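For the sequence shown, the residue numbers in my numbering are 288 to 541.
Bear in mind the hints are in silico, worked out from the structure with no lab data behind them.
Don't take each hint at face value.
As the list claims (entries may be wrong) - As a list, the in silico DMTMM-like pairs of lysine to aspartate or glutamate whose alpha-carbon atoms are at most 20 angstroms apart:
1. Lys500 - Glu357
2. Lys362 - Glu467
3. Lys500 - Glu525
4. Lys500 - Asp521
5. Lys531 - Glu448
6. Lys500 - Asp361
7. Lys340 - Glu351
8. Lys333 - Asp355
9. Lys457 - Glu467
10. Lys457 - Glu442
11. Lys456 - Asp521
12. Lys500 - Glu359
13. Lys497 - Asp526
All values derive from a computational prediction rather than experimental measurement.
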Amino acid sequence: MKYLNIPFLLLWRAWFYILMFTTIVIMSPLLIVFTAKESYYHLLWKLVRIWSKVLIFSMGFRLEVQSDQEIEPDKSYMFCPNHTSLIDPFVLIVLCKNPIVFVGKQELVKIPVFGFFYKRAVIMVDRSSIKSRKRVYEMAKKRLQNGVSMAIFPEGLVPEENVILAPFKKGAFSLAIEFEIPIVPQVYYDCKRLFSWNFLKGGPGILRIKQHKFIPTIGLKSGNIGMLQQQTFDVIFEDLANDKKYMKDTNRSK
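Turn these sequences into a full structure, and let the hints steer you where they fit.
In structure tokens form, the structure reads like this:
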């Protein structure tokens, strides 16, 4: 029976990429204007949120969100979700009305059309370069004003599908302490199962998200980075490890 679903899964996946690049082309005039100046970033964020909603709901996904603490307007945060799927950033964008600046991989600039706007809106980092990491700090200082937040997937990659949660990098926690902004742990349970990197699995459905109580950073020093890193990891790992649907997919036989 599962083999009969393969043509439909491939068409469904193709629809995502067609939809994504078509909408980028349609939005191009506004994207060029809104990425021209940092002062336009709030307008860019509104446009990107509409775009993300179109992508998610057009793919047949619905969001089911549980929040232990709500985001306040005009405050800055460091969002730290687990990373399992290409759909993860779009989910985060839909969830948050406050503008977020992403710190992302430099490699994504190579994607046609998307890469052109990506490099104008995202703080790019080359983790192998000390100079690049310092540039992230400098750009973050400019952006973290008027309620603009930051988002980093602390795993730094999408791990193999049999991995519950990959070890966290230090960057998000170093920045959060530097700018005294709270960590927002978010758990995405279903993105891997419903929109895997494996094109032969997945499908429309409900994406469950849990937003945990924020972890404060005021008063912490650079020596506390490891503690903050581990605390955030433990919160997300425990949720994932105790979720039957997530673990059934994670522990699948190869």
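For each hint, the structure was consulted:
1. Lys500 - Glu357: 8 angstroms, holds
2. Lys362 - Glu467: 11 angstroms, holds
3. Lys500 - Glu525: Distance of about 14 angstroms is within 20 angstroms: holds.
4. Lys500 - Asp521: 13 angstroms, holds
5. Lys531 - Glu448: Answer holds: Lys531 to Glu448 is near 15 angstroms, not above 20 angstroms.
6. Lys500 - Asp361: 18 angstroms, holds
7. Lys340 - Glu351: 14 angstroms, holds
8. Lys333 - Asp355: Not OK: Lys333 and Asp355 at ~25 angstroms, beyond 20 angstroms, violated.
9. Lys457 - Glu467: 15 angstroms, holds
10. Lys457 - Glu442: Holds, because 9 angstroms separates the two Cα atoms, which is no more than 20 angstroms.
11. Lys456 - Asp521: 14 angstroms, holds
12. Lys500 - Glu359: 13 angstroms, holds
13. Lys497 - Asp526: This hinted pair holds, its Cα atoms lying about 9 angstroms apart.
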